[in-house]
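Using the hints, position chain X against chain S.
First to last, the protein sequences are chains S and X.
When you read off a place in the first sequence, starting at 1, and then add 21, the result is the number in my numbering.
When you read off a place in the second sequence, starting at 1, and then add 21, the result is the number in my numbering.
Bear in mind the hints are in silico, worked out from the structure with no lab data behind them.
You may find that some hints are simply not true.
Where chains are identical, the list cannot tell them apart; a pair therefore holds if satisfied intra-copy or between any two copies.
Straight line, CA to CA, 25 Å or less: simulated DSS-like cross-link-like pairs of lysine-lysine [what the hints assert, rightly or not]:
1) 139 <-> 67
2) 66 <-> 111
3) 102 <-> 187
4) 66 <-> 102
5) 116 <-> 180
6) 170 <-> 102
7) 139 <-> 116
8) 139 <-> 187
Protein chains: 2
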Amino acid sequence: MKYPGNIKKTYKQVVNYKNRGMELEDIINEACNYYLEMDLAIIYKKPTPIGVVDVDYKNGAVINKAYFKEPSTLDYNGIYKGKYVEFDAKECHSKTSFPLSNIHEHQIKHIERIIRHKGFAFLIISMNSEYFIFKGEDLLDFINTNTRKSIPYHIILEKGYKLNYKYHIGLDYLKGIEDIYFKGVVK
Amino acid sequence: MKYPGNIKKTYKQVVNYKNRGMELEDIINEACNYYLEMDLAIIYKKPTPIGVVDVDYKNGAVINKAYFKEPSTLDYNGIYKGKYVEFDAKECHSKTSFPLSNIHEHQIKHIERIIRHKGFAFLIISMNSEYFIFKGEDLLDFINTNTRKSIPYHIILEKGYKLNYKYHIGLDYLKGIEDIYFKGVVK
Numbered sequence: 022m023k024y025p026g027n028i029k030k031t032y033k034q035v036v037n038y039k040n041r042g043m044e045l046e047d048i049i050n051e052a053c054n055y056y057l058e059m060d061l062a063i064i065y066k067k068p069t070p071i072g073v074v075d076v077d078y079k080n081g082a083v084i085n086k087a088y089f090k091e092p093s094t095l096d097y098n099g100i101y102k103g104k105y106v107e108f109d110a111k112e113c114h115s116k117t118s119f120p121l122s123n124i125h126e127h128q129i130k131h132i133e134r135i136i137r138h139k140g141f142a143f144l145i146i147s148m149n150s151e152y153f154i155f156k157g158e159d160l161l162d163f164i165n166t167n168t169r170k171s172i173p174y175h176i177i178l179e180k181g182y183k184l185n186y187k188y189h190i191g192l193d194y195l196k197g198i199e200d201i202y203f204k205g206v207v208k
Numbered sequence: 022m023k024y025p026g027n028i029k030k031t032y033k034q035v036v037n038y039k040n041r042g043m044e045l046e047d048i049i050n051e052a053c054n055y056y057l058e059m060d061l062a063i064i065y066k067k068p069t070p071i072g073v074v075d076v077d078y079k080n081g082a083v084i085n086k087a088y089f090k091e092p093s094t095l096d097y098n099g100i101y102k103g104k105y106v107e108f109d110a111k112e113c114h115s116k117t118s119f120p121l122s123n124i125h126e127h128q129i130k131h132i133e134r135i136i137r138h139k140g141f142a143f144l145i146i147s148m149n150s151e152y153f154i155f156k157g158e159d160l161l162d163f164i165n166t167n168t169r170k171s172i173p174y175h176i177i178l179e180k181g182y183k184l185n186y187k188y189h190i191g192l193d194y195l196k197g198i199e200d201i202y203f204k205g206v207v208k
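So that you can see chain S by itself, here it is in the shape it has in the complex:
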C-alpha cells in the first residue's frame, strides 16, 4: 500500500508469518515479553491502527472490510523506572545509509513532542546485521542540520548505541535505555 508521501509499507506479518526469519519486530517483542515477565519494564507494541468499515454483528462481530491507517505515533510505548518510553523499529535494507523516508512527518513531530515532555523517544534501527538505538535527539539534530534525505551509516555507528541479541531475552534494548538515559554512558 502507498501512504501519503509515497512511503510503501507492507504488512508481511499478516501473510507470511510462518515462513519468515527472525525479524527486528520479533526480537523486540521477545524482549518486551521477557521484561514484562521479569517485571523490569512495561513496554508494548501498540496495535496497528486499522479503520473498520464494515462489521457483521450477526456472526459474532466479524470485520468484513477495513484498511490500514497511517501511524502518527511510534510503534512501541510504555514505562521503565517511572519514565515514559516510546520508540519505533526500523529495518534498513541499504548498507550505506538510512533513508529518512522511513519516518513519517507526523512521527517526527511526535518525537519532538515526547522529548519536550521529558520522555525517552528513539528508533531501534537494524542495519548491516547490527542493531542500534538511535536517539530522537540525534535524529532531530541530523534533520535540522542536513539537507540529505538519508543518514549515512558512519553517523549511525558514531551516534548509535549498539544493541545485542541475547539468548532467552531477545534484543536487549533495556540495557541501552539504562546506559543512555540513566547512566549517561557516552557509548
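Chain X alone, transformed into the frame defined by chain S:
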C-alpha cells in the same frame, strides 16, 4: 460480541457513529486533542486491537476478514509532565453500582503493574450523568477487601475525583491528574 468471562462489549462507534449523542470516549478524545494542541500532555487512545485474517494486496491492502481482540491493557496512555499515564474509559449504566465485570482480569493485573512501576493508572467512570477519576489504587483496594462484584455508587462518590466537561476543552481530566497526583488534593 462475547469476551471470555461473558463480558459483552459492543463497538457502537463503528456502526452508529452519526446518530449517537456525546459519549464518554468522545469528550475524552476531545480533551486529548485539546491537550495535544495546547502542548499540555501527549495522551492518545490506543488503536483497538484487531486480528487480521485476510488481506487483499491487489486492491491496495484491503482487509477482508478480521476480528476484535480482547484488550489486555487500558485504552489511553501517554505522558504528562514526564510521567507515564494510562487509563480506561468506562460508561456505567447502573445507577447504584459499577460492575467489576467491566474490567478484564488482565487489565487489573496491568493496573497493578503500572502502579508498581510508578505510573498513574486509573479509570474514568461515567455514572449518573457525572464523571469521575477512580484511582487504580482505590480499585485494587476495593477488590482486595471486598467480595462484592460491583462498587457501590457511594464509594465512587467518596473516593472518586469529580471531573467537569468544559466548553472548548472536553472532559478536563488533566485537572484531575494534576490535583490528584501532583498537588495531592484529597478530592
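Now the hints, each set against the structure:
{"no.": "1", "hint": "139 <-> 67", "verdict": "both (20 Å within a copy, 21 Å between copies)"}
{"no.": "2", "hint": "66 <-> 111", "verdict": "both (13 Å within a copy, 23 Å between copies)"}
{"no.": "3", "hint": "102 <-> 187", "verdict": "within (22 Å within a copy, 34 Å between copies)"}
{"no.": "4", "hint": "66 <-> 102", "verdict": "both (18 Å within a copy, 23 Å between copies)"}
{"no.": "5", "hint": "116 <-> 180", "verdict": "within (17 Å within a copy, 58 Å between copies)"}
{"no.": "6", "hint": "170 <-> 102", "verdict": "neither (35 Å within a copy, 33 Å between copies)"}
{"no.": "7", "hint": "139 <-> 116", "verdict": "neither (33 Å within a copy, 41 Å between copies)"}
{"no.": "8", "hint": "139 <-> 187", "verdict": "neither (29 Å within a copy, 27 Å between copies)"}
Hint compliance for this structure: hints 6, 7 and 8 are not met, and every other hint is.
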